[in-house]
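> Using the hints, position chain P against chain D.
Line by line, the protein sequences are chains D and P.
Sequential numbering from 1 applies to the first sequence in our numbering.
Sequential numbering from 1 applies to the second sequence in our numbering.
Any given hint could turn out to be false.
What the simulated footprint calls covered on chain D by chain P, stretch by stretch (three residues with Cβ under 8 Å from a Cβ of chain P suffice, anywhere in the stretch; the number is not a length) [said to hold, decoys possible]: (1) 10 to 16; (2) 73 to 86; (3) 138 to 148; (4) 219 to 229.
For each label pair, taking beta carbons as the anchor points, the in silico distance ranges come out as [unchecked claim]: (5) Arg-32(P) - Phe-15(D): 32 to 42 Å; (6) Gly-22(P) - Val-269(D): 44 to 54 Å; (7) Glu-245(D) - Asp-3(P): 26 to 36 Å; (8) Arg-32(P) - Ser-214(D): 40 to 50 Å; (9) Ala-15(P) - Val-50(D): 51 to 61 Å; (10) Asp-3(P) - Thr-178(D): 52 to 62 Å; (11) Ala-72(P) - Ala-200(D): 46 to 56 Å; (12) Pro-192(D) - Arg-40(P): 21 to 31 Å; (13) Thr-178(D) - Gly-63(P): 20 to 30 Å; (14) Gly-211(P) - Met-98(D): 47 to 57 Å; (15) Arg-32(P) - Gly-124(D): 33 to 43 Å; (16) Thr-196(D) - Glu-86(P): 53 to 63 Å; (17) Gly-22(P) - Ala-203(D): 11 to 21 Å; (18) Thr-196(D) - Arg-59(P): 45 to 55 Å.
Everything labelled a hint here was simulated from the structure, so no lab data went into it.
We treat Cβ as the ideally placed atom computed from N, Cα and C, and that holds for glycine.
Chain residues, written in single-letter form:
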Amino acid sequence: MSARREASSDLQVLFACLAIGAGGLLLGLQVDGNGSLVGTGYTALGIGVVVALFASALQAARGAALPRDPPGILSAVCGFCGISFVVAGVLAPGGGWMFFEVLLLLVLLARSKSAGPGPQLGKGTSVALALMLVFRLWITYQGSERRWQVAEVDVPIVSWIPLPFLDPIRSVSLGEFTPREMGFPPSGLDFPLSMTLWSAGFALAVSGLLWRASAGLERENDRIHAIIHELPPPLALLVEKILPEEDWRALGLHGLPERLLRKRIQALVEERIAQRRDIDQALRSAELLARTSPGGFAGEIHSALIGRERPAPRVAER
Amino acid sequence: MADGERAVVRTLVAAILALLAGALAVRGIPSRVAPAPEDRPEIDLPIRQPMQLLGPGARLRIGDLTPLIGEARVADWKKAHRLPFEVRDCPKLLEWIAGPDGQRLEALSGELRRGTRDEALAALALLFQVARATRWDPGFLGHGEHAERLGGLLQDWLRAWAERSASDPLLHEPAQAAALLYGRVMRAAYQAPMLRRAQAPYERARGFLDGLLGGRAGPRTAFGESFATRRPRAWTTFLERGDFLLGFEEEAKLALPDLDGECGG
Numbered sequence: 001m002s003a004r005r006e007a008s009s010d011l012q013v014l015f016a017c018l019a020i021g022a023g024g025l026l027l028g029l030q031v032d033g034n035g036s037l038v039g040t041g042y043t044a045l046g047i048g049v050v051v052a053l054f055a056s057a058l059q060a061a062r063g064a065a066l067p068r069d070p071p072g073i074l075s076a077v078c079g080f081c082g083i084s085f086v087v088a089g090v091l092a093p094g095g096g097w098m099f100f101e102v103l104l105l106l107v108l109l110a111r112s113k114s115a116g117p118g119p120q121l122g123k124g125t126s127v128a129l130a131l132m133l134v135f136r137l138w139i140t141y142q143g144s145e146r147r148w149q150v151a152e153v154d155v156p157i158v159s160w161i162p163l164p165f166l167d168p169i170r171s172v173s174l175g176e177f178t179p180r181e182m183g184f185p186p187s188g189l190d191f192p193l194s195m196t197l198w199s200a201g202f203a204l205a206v207s208g209l210l211w212r213a214s215a216g217l218e219r220e221n222d223r224i225h226a227i228i229h230e231l232p233p234p235l236a237l238l239v240e241k242i243l244p245e246e247d248w249r250a251l252g253l254h255g256l257p258e259r260l261l262r263k264r265i266q267a268l269v270e271e272r273i274a275q276r277r278d279i280d281q282a283l284r285s286a287e288l289l290a291r292t293s294p295g296g297f298a299g300e301i302h303s304a305l306i307g308r309e310r311p312a313p314r315v316a317e318r
Numbered sequence: 001m002a003d004g005e006r007a008v009v010r011t012l013v014a015a016i017l018a019l020l021a022g023a024l025a026v027r028g029i030p031s032r033v034a035p036a037p038e039d040r041p042e043i044d045l046p047i048r049q050p051m052q053l054l055g056p057g058a059r060l061r062i063g064d065l066t067p068l069i070g071e072a073r074v075a076d077w078k079k080a081h082r083l084p085f086e087v088r089d090c091p092k093l094l095e096w097i098a099g100p101d102g103q104r105l106e107a108l109s110g111e112l113r114r115g116t117r118d119e120a121l122a123a124l125a126l127l128f129q130v131a132r133a134t135r136w137d138p139g140f141l142g143h144g145e146h147a148e149r150l151g152g153l154l155q156d157w158l159r160a161w162a163e164r165s166a167s168d169p170l171l172h173e174p175a176q177a178a179a180l181l182y183g184r185v186m187r188a189a190y191q192a193p194m195l196r197r198a199q200a201p202y203e204r205a206r207g208f209l210d211g212l213l214g215g216r217a218g219p220r221t222a223f224g225e226s227f228a229t230r231r232p233r234a235w236t237t238f239l240e241r242g243d244f245l246l247g248f249e250e251e252a253k254l255a256l257p258d259l260d261g262e263c264g265g
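Next comes chain D alone, as it looks inside the complex:
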């Protein structure tokens, strides 16, 4: 049963890596004006690699797991490549926007919690990446139509006056860029086909990264489950009641090497059993029950039943 579960989570990791690889392939291609497939170049990928490297380092410093077996190593490599591909695919081609985007991505990726080996992509980061992709597609569309600005805004009043000499000041260009910054092929870009390739690639790569994170979580749970089930079955069930699966990640069990994991489980079981004993003892204590006495006639009876001595009557009562 456990081996089957592990095989299932390993297969999930492999399929997630397959999606990441396919996404990376599509994100690396564009269609030029002649209808030929052309590479998107290595410059953006280089920046993506730097971002993935920083993200890996920051997540590792925060205690991310190290790969421990071949599927884990493959998963870590695919996570690194996937983040590089996705970041390279969504970054604005140059200038101040790119710098801002890289900074934002670094912050978001550094904050992502890592369940398995390699850098992870959180849901918030995925949303930010999708928004960046939309921005990239928009400026690519503008460039494919040979409009080298993010937007053109008409100047009120001036743009309504039908005098030709006002043409140069009718509108204001926002966020100008150049064909060189865009990395367009010399024969131009077939925007619809390139957009389809990039969108499909982005969807595949991000789904793969999220799937990989979920499969990584499952693999870690399987590993902990297997260690607990080395105990005799009734004892293993008891340990799983004391340490429920939902708490394993919060208790810091994910990502620990096997020896430390066993020690940690042992310490947690001891700690929780001790807590439970303390509580039981406290609940059984007569003093504690006496404190719950409601007083009056019922309280007197309650005290008599638990064998507590009545306080001496006061003089006024005599």
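Below, chain P alone, put in the same frame as chain D:
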């Protein structure tokens, strides 16, 4: 792990590694500038350097077209093809074309336009010579009708041949030159009035070029693709909302400087 499962895992791992390597390798695929139709080595053109037939030296080569004209039209061709080269003193285009020579030439040009691609080139060569030898610039008094008439003749030719020229080594370049000249003469007609603008030629050119090139309201046509690549300035202004023929005029002034509407004067 069963053998079958192990085989699946191995296949998946191999596919993943291949995809990752592919994702890195494809980024290096270089972009190649495809040769223009007329540059393909295997093409044997019936006429060498067809653009010379549209240039100022056309009178030296117009006779080269005679063997390419079909039997049905060759008699008319022989009688009329020299007429625009014999025009003197830069007459106004409408006046010349309304005369006997102009009418014969217009009829011949229409016939040739409906013929083979060699004949279409001959028709365009005649139209360019008419544009070179007659006055169609509106001038100070703003007579835009001459430019509009010339625009009409070019529009007829472009409607028939522009799209087919996109992959035609003979007509590819001449059709682009015709589109530039069309844009220039229609802008002249649009700007003809002294105090305002003539909206009719402007709207006509807008509608015609939208259909011919695509790109604004729908996908680019094959001719539009080629035009956008070769004439980026004209294409950029074509996509604008404002004076969309400005780029055509700028490019035409550079590519066809003698076609200024004043007989090169």
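> None of the hints should be skipped; say for each whether it holds.
Here is how each hint holds up against the structure:
no. : hint                               : result
1   : 10 to 16                           : holds (count 4)
2   : 73 to 86                           : holds (count 5)
3   : 138 to 148                         : holds (count 3)
4   : 219 to 229                         : violated (count 0)
5   : Arg-32(P) - Phe-15(D): 32 to 42 Å  : holds, 36 Å
6   : Gly-22(P) - Val-269(D): 44 to 54 Å : holds, 49 Å
7   : Glu-245(D) - Asp-3(P): 26 to 36 Å  : holds, 32 Å
8   : Arg-32(P) - Ser-214(D): 40 to 50 Å : holds, 42 Å
9   : Ala-15(P) - Val-50(D): 51 to 61 Å  : violated, 28 Å
10  : Asp-3(P) - Thr-178(D): 52 to 62 Å  : holds, 58 Å
11  : Ala-72(P) - Ala-200(D): 46 to 56 Å : holds, 54 Å
12  : Pro-192(D) - Arg-40(P): 21 to 31 Å : holds, 27 Å
13  : Thr-178(D) - Gly-63(P): 20 to 30 Å : violated, 48 Å
14  : Gly-211(P) - Met-98(D): 47 to 57 Å : violated, 39 Å
15  : Arg-32(P) - Gly-124(D): 33 to 43 Å : holds, 41 Å
16  : Thr-196(D) - Glu-86(P): 53 to 63 Å : holds, 57 Å
17  : Gly-22(P) - Ala-203(D): 11 to 21 Å : holds, 18 Å
18  : Thr-196(D) - Arg-59(P): 45 to 55 Å : holds, 51 Å
Checked against the numbered hints above, the structure breaks hints 4, 9, 13, 14 and satisfies the rest.
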